[in-house]
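Asker: Protein chains in written order, with this note's numbering: chain A, 7 to 118; chain B, 30 to 142.
Be a bit skeptical, because a hint or two may be false.
Here are a few chain B residues that sit away from chain A, every Cβ distance over 12 Å (derived from the structure) [to be verified]:
| id | residue |
| --- | --- |
| 1 | F41 |
| 2 | N55 |
| 3 | R138 |
With a straight-line cut-off of 35 Å between C-alpha atoms, the simulated DSBU-like cross-links for lysine-lysine are [as the list claims (entries may be wrong)]:
| id | chain 1 | residue 1 | chain 2 | residue 2 |
| --- | --- | --- | --- | --- |
| 4 | B | K38 | A | K58 |
| 5 | A | K105 | B | K112 |
| 6 | B | K112 | A | K58 |
| 7 | B | K43 | A | K58 |
| 8 | B | K99 | A | K105 |
| 9 | A | K105 | B | K43 |
| 10 | A | K105 | B | K86 |
| 11 | B | K38 | A | K75 |
Everything labelled a hint here was simulated from the structure, so no lab data went into it.
C-beta atoms are modelled at their ideal positions from N, C-alpha and C, and glycine is treated no differently.
For reference, the chains in residue letters:
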Amino acid sequence: DAKTTQPTSMDCAEGRAANLPCNHSTISGNEYVYWYRQIHSQGPQYIIHGLKNNETNEMASLIITEDRKSSTLILPHATLRDTAVYYCIVRVAGGTASKLTFGTGTRLQVTL
Amino acid sequence: DGGITQSPKYLFRKEGQNVTLSCEQNLNHDAMYWYRQDPGQGLRLIYYSQIVNDFQKGDIAEGYSVSREKKESFPLTVTSAQKNPTAFYLCASTGRALPTEAFFGQGTRLTVV
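Can you build the whole structure from these sequences, using the hints too?
Answerer: Take a look at the structure:
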């Protein structure tokens with residue numbers, strides 16, 4: 007699975023959009039981008055995934071560049087409850103599972 | 030409701046003792062994973078299993094062992110050979126159907142004294 011690079015930490019004011027970047031320059035054509043978040047001392051929670059088109063669900067939006075070498079997770083109106091560590095991973099989806107590797111993620115701090 | 034269950038939530042053991050952490054899922058997922066997380070750090074993969082009776086080492090397998098005798102269960106044994114066993118341990122599973130996102134348990138916090 008391709009490796010990802012994320013900033014170590016970011017701050018965001020409550021009510022503003024949080025934009026979390028991720029670089030995955032070695033992504034393969036059949037690898038999807040997944041985002042998870044981990045609130046302190048809990049198991050990570052799936053947020054969203056995409057292959058090459060932008061995606062939106064009730065939690066967030068995912069913007070993937072045309073060359074697929076980077077992506078951005080957008081939390082449109084961040085709240086204090088969005089304070090967490092956000093992980094971006096890339097892996098082949100469907101079929102026989104491959105190794106599922108997480109990096110160190112981005113620690114997002116939402117402030118008043 | 031379908032989900033993945035880890036037990037116990039907190040576990041204390043004396044140094045030199047082996048300890049087994051439980052992970053059970055009723056999601057009918059083929060693949061299961063074990064991770065270790067140290068304070069302020071990311072998740073590091075210990076072992077993973079793609080099907081019953083088969084498993085592969087992850088990035089930090091030394092001092093750990095696993096078994097996968099049933100699809101639903103993937104127990105992790107922390108052996109006395111693991112030099113720094115105190116950590117937060119997370120179990121996850123993934124299915125075959127898209128989007129094949131990972132489901133995680135709530136973790137077991139192991140403290141070795």
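Asker: Next, verify each hint and record whether it holds.
Answerer: Cross-check of the supplied hints:
1. F41: holds (17 Å)
2. N55: holds (16 Å)
3. R138: Not fine: 8 Å to the nearest Cβ puts R138 (chain B) too close to chain A.
4. B:K38 <-> A:K58: violated (39 Å)
5. A:K105 <-> B:K112: Since the Cα atoms of K105 (chain A) and K112 (chain B) sit roughly 25 Å apart, the hinted pair holds (cutoff 35 Å).
6. B:K112 <-> A:K58: Violated: K112 (chain B) and K58 (chain A) sit about 43 Å apart, past 35 Å.
7. B:K43 <-> A:K58: Distance ~50 Å between K43 (chain B) and K58 (chain A) Cα, so the pair is violated.
8. B:K99 <-> A:K105: Holds - the C-alpha atoms of K105 (chain A) and K99 (chain B) are around 20 Å apart, at most 35 Å.
9. A:K105 <-> B:K43: Given that 35 Å is the threshold and the Cα spacing comes to 32 Å, the pair holds.
10. A:K105 <-> B:K86: holds (10 Å)
11. B:K38 <-> A:K75: violated (39 Å)
The earlier numbered hints that this structure contradicts are 3, 4, 6, 7 and 11.
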